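*Asks:* Quick mapping for you: the protein sequence lines, in order, are chains A and B. The first sequence: position 210 = 210 (full-length UniProt numbering), numbered continuously. The second sequence: position 227 = 227 (full-length UniProt numbering), numbered continuously.
Source of the hints: derived by calculation from the structure; they are not laboratory data. One or more of the hints may lead you astray.
Among chain A residues calculated to face chain B with C-beta under 10 Å, some are [claimed, not checked]:
| no. | residue |
| --- | --- |
| 1 | T43 |
| 2 | G47 |
| 3 | K74 |
| 4 | V77 |
| 5 | C80 |
| 6 | P125 |
| 7 | V188 |
| 8 | T192 |
| 9 | L193 |
| 10 | A225 |
Incomplete in silico selection of chain A near chain B, CB under 8 Å [said to hold, decoys possible]:
| no. | residue |
| --- | --- |
| 11 | D26 |
| 12 | G34 |
| 13 | Q36 |
| 14 | V45 |
| 15 | V48 |
| 16 | M82 |
| 17 | D116 |
| 18 | V140 |
| 19 | I142 |
| 20 | S146 |
| 21 | G285 |
| 22 | S287 |
Rough simulated footprint, nothing fancy, chain A against chain B, three-plus residues with beta-carbon under 8 Å [what the hints assert, rightly or not]:
| no. | stretch |
| --- | --- |
| 23 | 25-38 |
| 24 | 49-56 |
| 25 | 60-68 |
| 26 | 113-123 |
| 27 | 139-150 |
The model shown is predicted, which means the values in this text are computed figures rather than measured ones. Just so it is clear, CB atoms sit at the ideal spot from N, CA and C, and this is done for glycine as well.
Each chain is listed here by its residues.
Number of protein chains: 2
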Amino acid sequence: MSGEADLLRQLRAMATDPAARGLRDDVAVLPTMGEQLVVTTDTIVEGVHFRADDPPETVGWKLAAVNLSDLAAKGAVPRCCMLNHALAGDPGWDSGFLEGLSRALGRFGMPIVGGDTVALPAGTPRTISLTAIGEVPHAVAIPSRSGARPGDRICVSGPVGDAGAGLALLEAGKTSPAELVRAYRVPVPHLTLGQSLAGTVHAMMDVSDGLLIDVARMAEASNCAIQINHVPLSPCYEALRGSSVQARLEAATAGDDYVLLMALPGERDLPRGLIQVGHCKRGEGVSLRLDGKAVRLPARLGYEHG
Amino acid sequence: MSGEADLLRQLRAMATDPAARGLRDDVAVLPTMGEQLVVTTDTIVEGVHFRADDPPETVGWKLAAVNLSDLAAKGAVPRCCMLNHALAGDPGWDSGFLEGLSRALGRFGMPIVGGDTVALPAGTPRTISLTAIGEVPHAVAIPSRSGARPGDRICVSGPVGDAGAGLALLEAGKTSPAELVRAYRVPVPHLTLGQSLAGTVHAMMDVSDGLLIDVARMAEASNCAIQINHVPLSPCYEALRGSSVQARLEAATAGDDYVLLMALPGERDLPRGLIQVGHCKRGEGVSLRLDGKAVRLPARLGYEHG
Numbered sequence: 001m002s003g004e005a006d007l008l009r010q011l012r013a014m015a016t017d018p019a020a021r022g023l024r025d026d027v028a029v030l031p032t033m034g035e036q037l038v039v040t041t042d043t044i045v046e047g048v049h050f051r052a053d054d055p056p057e058t059v060g061w062k063l064a065a066v067n068l069s070d071l072a073a074k075g076a077v078p079r080c081c082m083l084n085h086a087l088a089g090d091p092g093w094d095s096g097f098l099e100g101l102s103r104a105l106g107r108f109g110m111p112i113v114g115g116d117t118v119a120l121p122a123g124t125p126r127t128i129s130l131t132a133i134g135e136v137p138h139a140v141a142i143p144s145r146s147g148a149r150p151g152d153r154i155c156v157s158g159p160v161g162d163a164g165a166g167l168a169l170l171e172a173g174k175t176s177p178a179e180l181v182r183a184y185r186v187p188v189p190h191l192t193l194g195q196s197l198a199g200t201v202h203a204m205m206d207v208s209d210g211l212l213i214d215v216a217r218m219a220e221a222s223n224c225a226i227q228i229n230h231v232p233l234s235p236c237y238e239a240l241r242g243s244s245v246q247a248r249l250e251a252a253t254a255g256d257d258y259v260l261l262m263a264l265p266g267e268r269d270l271p272r273g274l275i276q277v278g279h280c281k282r283g284e285g286v287s288l289r290l291d292g293k294a295v296r297l298p299a300r301l302g303y304e305h306g
Numbered sequence: 001m002s003g004e005a006d007l008l009r010q011l012r013a014m015a016t017d018p019a020a021r022g023l024r025d026d027v028a029v030l031p032t033m034g035e036q037l038v039v040t041t042d043t044i045v046e047g048v049h050f051r052a053d054d055p056p057e058t059v060g061w062k063l064a065a066v067n068l069s070d071l072a073a074k075g076a077v078p079r080c081c082m083l084n085h086a087l088a089g090d091p092g093w094d095s096g097f098l099e100g101l102s103r104a105l106g107r108f109g110m111p112i113v114g115g116d117t118v119a120l121p122a123g124t125p126r127t128i129s130l131t132a133i134g135e136v137p138h139a140v141a142i143p144s145r146s147g148a149r150p151g152d153r154i155c156v157s158g159p160v161g162d163a164g165a166g167l168a169l170l171e172a173g174k175t176s177p178a179e180l181v182r183a184y185r186v187p188v189p190h191l192t193l194g195q196s197l198a199g200t201v202h203a204m205m206d207v208s209d210g211l212l213i214d215v216a217r218m219a220e221a222s223n224c225a226i227q228i229n230h231v232p233l234s235p236c237y238e239a240l241r242g243s244s245v246q247a248r249l250e251a252a253t254a255g256d257d258y259v260l261l262m263a264l265p266g267e268r269d270l271p272r273g274l275i276q277v278g279h280c281k282r283g284e285g286v287s288l289r290l291d292g293k294a295v296r297l298p299a300r301l302g303y304e305h306g
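Just chain A, with the same shape it has in the complex (with noise of 0.2 Å):
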């Protein structure tokens, strides 16, 4: 039992927000003053969003930073989250996780606030959720999924294929190129450029279960086509798999990216920081195009489970 007081310990000192209450009072106490919340939950399994060997430190940053990825997509500035945490008999690993959970709080300015912990029947893989709260201003829009346009410019904040290709070398029992590895489990959410170009988008989400189905999972709520022509891979992805279209398709169907998707209107020069993937069409469902041929889709566009 003295884990669990270690752990509380811990979380009490992460949770110096005066929104906390100290984390004694069963809640968080959020004022508001006219701005708009922005509100998103995410819920990782061991075993299946991150492996029992992942270092805890980087179970616990990943969790805040797939949390981040969605309030960055909706370009809001993090106001604070609550923790759902279950216990499993280990309490380094829990006092890693949180200490990871903390660097990433810290670091993207996300306060914990409040939570539940739970201990969990021996061997039970760990369930952990995080809520995230962030804030938009009065009165600004807040892109949706929904509303990409036929003319809009398909782009991406970042090469996709890293963290799919990082999981593989871990299943595979290796641990290198690192930076492959890294990019599974640490990824960086993209909150200031989010926060950037969230006024001039039709439509913004992240990359979280595979670019071909998070681009089919916009065309569709925005009813109309998308064509992919290009598969942006990082230079180490590259060295590892090279870029024949199958490596592209890999890296288009591989989850975990955690970059910013969006349709831009207008011609005028990208954004820094973007790269432009595709475009939006009329009618209806994702197409792929690459090296100027059409591209057979594969029965897998991604991950159903995010």
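Given chain A, work out where chain B should sit, using these hints.
*Replies:* Frame of chain A, contents of chain B only:
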């Protein structure tokens, strides 16, 4: 997979509040107008917080009720909630769970506006979280658990022990008296009472882990002592277990009551629905006096994990 599609349809039919954005946008968006938001979250684990053979409708109801009870203790009006659901490969269970959840959310006016659904590895006990957001008008004081003062009357909003007795019945393979099983499976949050009392009390919280342990927490947070001299029992509890000191100790250390616990100043008539169980005095800790005699505290005051 068609079970999952059904589940999503059922969730979307529940999420008609505009804040939900049709559950198509990874986030919920809440406009604010200067109100204070009260945020609380609870996780329930199969085999820990509910039984594998509890009807799924009651599990859904109870998850809503335990969160609503936290809002009730702060005098908050429910605004919306987010669900972290875990699929364990039984669509019928999930559908029943959502039906019960939906019934509670409808009855107490708390629309679901978002969440996350994950698939668990086969055989994993379900872990499900709900995050509830309530609101309190601007500048209205929100009672904490730390405001009890010497001289305050300590009151609860109903009898304790019924839910614990109901759980004990189920563990013994019995399902009657149904009233006690119902207290365990289908608790009713005291929302209206909490809202009407919030401006009057010095401190308020709900009793979720056992009367004695929750009283001890209020005493500790308030830097005072609380003496309990009455453990209110329901007629049904008394008929089954009697009202001996032992029966009252069992009622005062059983969890899942979800009555409100408060420190009330003054000596006027008690507001309707309240039962005085003790008083606050200088010092620290909780003490127990029944039938005019000091009673030694049991080793276990309640549940450590709510």
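*Asks:* Could you run down the list of hints and mark each one as holding or not?
*Replies:* Hint by hint, here is what the structure shows:
no. : hint    : result
1   : T43     : 5 Å, holds
2   : G47     : 5 Å, holds
3   : K74     : 6 Å, holds
4   : V77     : 13 Å, violated
5   : C80     : 8 Å, holds
6   : P125    : 6 Å, holds
7   : V188    : 18 Å, violated
8   : T192    : 18 Å, violated
9   : L193    : 17 Å, violated
10  : A225    : 18 Å, violated
11  : D26     : 5 Å, holds
12  : G34     : 6 Å, holds
13  : Q36     : 6 Å, holds
14  : V45     : 5 Å, holds
15  : V48     : 7 Å, holds
16  : M82     : 5 Å, holds
17  : D116    : 5 Å, holds
18  : V140    : 11 Å, violated
19  : I142    : 6 Å, holds
20  : S146    : 7 Å, holds
21  : G285    : 17 Å, violated
22  : S287    : 22 Å, violated
23  : 25-38   : holds (count 14)
24  : 49-56   : violated (count 1)
25  : 60-68   : violated (count 0)
26  : 113-123 : holds (count 9)
27  : 139-150 : holds (count 4)
Violated hints for the displayed structure, listed by number in ascending order: 4, 7, 8, 9, 10, 18, 21, 22, 24 and 25.
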